[in-house]
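Undergrad: Here are the chains, one letter per residue:
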Amino acid sequence: MEKFKIHKGLVALMDRSNVDTDAIIPKQFLKSIKRAGFGPNLFDEWRYLDHGEPGMDNSVRSLNTDFVLNQPRYQGASILLARENFGCGSSREHAPWALLDYGFRVIIAPSYADIFFNNCFKNGILPIVLDASVVDGLFQAVAANEGYAFSIDLEAQTIITPDGKGIVFDVEEFRKHCLLNGLDDIGLTLQHVDDIRAYEERRAQEAPWLFN
Amino acid sequence: MAGKTLYDKLWDAHVVRRQEDGTCLLYIDRHLVHEVTSPQAFEGLRLAGRKLWRVTANLATPDHNVPTTPPENGGRAQGITDPVARLQVETLDNNCDEFGITEFKMDDIRQGIVHVISPEQGATLPGMTLVCGDSHTSTHGALGALAHGIGTSEVEHVLATQCLIQRKSKNMLVSIDGAVGPGVTAKDIVLAIIGEIGTAGGTGYAIEFGGEGIRALSIEGRMTVCNMAIEGGARAGMVAVDQKTIDYVQGRPYAPTNEQWEAAVATWRELHSDDDAPFDHVVRINGADIQPQVTWGTSPEMVVSVDGRVPDPAQQSDVVKADGMRAALVYMGLEANTPINEINIDKAFIGSCTNSRIEDLRAAAVVAKGRKVADNVKLAMVVPGSGLVKAQAEREGLDTIFIDAGFEWREPGCSMCLAMNADRLEPGERCASTSNRNFEGRQGQGGRTHLVSPAMAAAAAVTGHFVDVRDF
Chain A
1261 MEKFKIHKGL VALMDRSNVD TDAIIPKQFL KSIKRAGFGP NLFDEWRYLD
1311 HGEPGMDNSV RSLNTDFVLN QPRYQGASIL LARENFGCGS SREHAPWALL
1361 DYGFRVIIAP SYADIFFNNC FKNGILPIVL DASVVDGLFQ AVAANEGYAF
1411 SIDLEAQTII TPDGKGIVFD VEEFRKHCLL NGLDDIGLTL QHVDDIRAYE
1461 ERRAQEAPWL FN
Chain B
747 MAGKTLYDKL WDAHVVRRQE DGTCLLYIDR HLVHEVTSPQ AFEGLRLAGR
797 KLWRVTANLA TPDHNVPTTP PENGGRAQGI TDPVARLQVE TLDNNCDEFG
847 ITEFKMDDIR QGIVHVISPE QGATLPGMTL VCGDSHTSTH GALGALAHGI
897 GTSEVEHVLA TQCLIQRKSK NMLVSIDGAV GPGVTAKDIV LAIIGEIGTA
947 GGTGYAIEFG GEGIRALSIE GRMTVCNMAI EGGARAGMVA VDQKTIDYVQ
997 GRPYAPTNEQ WEAAVATWRE LHSDDDAPFD HVVRINGADI QPQVTWGTSP
1047 EMVVSVDGRV PDPAQQSDVV KADGMRAALV YMGLEANTPI NEINIDKAFI
1097 GSCTNSRIED LRAAAVVAKG RKVADNVKLA MVVPGSGLVK AQAEREGLDT
1147 IFIDAGFEWR EPGCSMCLAM NADRLEPGER CASTSNRNFE GRQGQGGRTH
1197 LVSPAMAAAA AVTGHFVDVR DF
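Residue numbers (the working numbering), protein chains in the order written: chain A, 1261 to 1472; chain B, 747 to 1218.
Here chain A stands alone, though its shape is the one from the complex:
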């Protein structure tokens, strides 16, 4: 996983609540057995006018020019500002894979669905939670200013706006540590092999039917 220290990028808006993982990456693309290549189909049903299927040449499909990510001013955006309960629905990790493959490294929203939130950290995406009122203010600022970009400093847990204002955010210490260092969870857990073995030995006595 790529380390996350400081990220500077253009901000795009996703102005609807309860954006679900079926919208982020529709089911027909989940048939892939790979982790990469989902970016061209991020928000497929909103982004294109025709019905997308795996294997299509997306470069020749007609774009829905009304869709926010198709607007010229948001090309190259790497920070997504969103509304409540972003990423609700299924557990598909294809949703953060698609966001990452498209180029998003940071999402900012008032709230997220639990599984999606967790999946983001596993892929080097930083999902930031801010108060709904703060997010609302940022929506207005981004909409009013083309080229609006943030600098996000994970170590300092701060979002720097173009006017130099700092917005502090919370992040769990362990998740921050893993993101900053690009750590592989499995490697970390396997440092505790003895603890896992000891637990299993104890449980096999207490509840042997779990180990049949």
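Keep in mind the hints are simulated off the structure, nothing from the lab. Treat the hints with caution; some may be incorrect.
As a list, the in silico DSS-like pairs of lysine-lysine whose alpha-carbon atoms are at most 30 Å apart [said to hold, decoys possible]:
id, chain 1, residue 1, chain 2, residue 2
1, A, Lys1294, A, Lys1265
2, B, Lys797, A, Lys1263
3, B, Lys914, A, Lys1263
4, A, Lys1294, B, Lys797
On a predicted model such as this, the values are computed, not experimentally measured, just so you know.
Use these hints to put chain B onto chain A, whose structure you have.
TA: Below, chain B alone, put in the same frame as chain A:
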């Protein structure tokens, strides 16, 4: 010291290690695997040269991609015409063979939807932690287990370590006080709960469902309720163990036997919240107030009683919510204030991990018996949750009832719940569906989903529009 909730007990029994910041290493007793969310995890193991931690903790089956059309020329395997889908199922088969995981392959009678087959086999036991790369893993909480969905990175983590890195959720109790009325099912109860708490109401919580209305449900009914905990935002839903739980588990292939059975039952009887256990949040709903439910919009919280009307965004004071309602009405092709029972359907789907068990099929068959699918309904399909459910239904003659009424009787799988296989809605088609999500495009691009119980779906199929099943 205050008592413990059911969730506290399940959590505490599985903590391997607690870090200073409160993050825990949680032991996972059972891991269910299907074709969609596992290939990248197995690939990750191979690339890192890692082995499975405990092979027998895993159980696999293909379900999302499998065709549900009847077998011809000796097996459904020949029926996956989509090469991308076929490769995914073959990849699961190959991964399970390579790593030694028990898999109920497509031609095995035990194959089916992962959340149907595991309880059916006794592979889900009270007191277990159980995970799967699928959000509806919350289903298994119906047996007094701690069960939730995970992403593919965590699938790989569980395969390699038998553990997850977790932080404990908060405790929520949703109590259905008093009995529900006749004709009101588990599906109506859970839709009413989601209508009450909203799709994010349970975010950050583990929900215990309790109260007379829940205790009166069968284990299969409790599975329907826990299945949709995720639609209320909670990763895990659960119900305390009682005699029904124990009776359900006894004698199933993976259930303990003899002395182990006696010992297991003794511990399982402790799997309930203590009387003085503190909950962070409590929601109480009067069972008698719950009517048969129908969703009208593009989120499961957009739900009303069958005797109600499509709500009017003009009556909604919250601007963001009103905008969401307007967008949903446009997508669903509905006018505000339309009576629910005047909405015609094009298709009916009875199936999914929410409602494809034998009791669901029986409830739908009672309504379908002696009736005919309405002329305006292009397709009404029944998709059993597993090969064993299908066989049981056929022993009871339910297949004949459905076929005589004009329903299609299919092979087991996820089918039109998420339309990864050939079963899907065409743009603009409206479906009475017993599944769990009415998101835009969920059952096919442009498709319009109304979530209902199996009896309500059957009633809509034979009348051509939504109707109160209690009038049948």
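Undergrad: Take the hints in turn and mark each one as holding or not.
TA: Consistency of the hints with the structure:
no., hint, in the structure
1, A:Lys1294 to A:Lys1265, "holds, 27 Å"
2, B:Lys797 to A:Lys1263, "holds, 26 Å"
3, B:Lys914 to A:Lys1263, "holds, 26 Å"
4, A:Lys1294 to B:Lys797, "holds, 20 Å"
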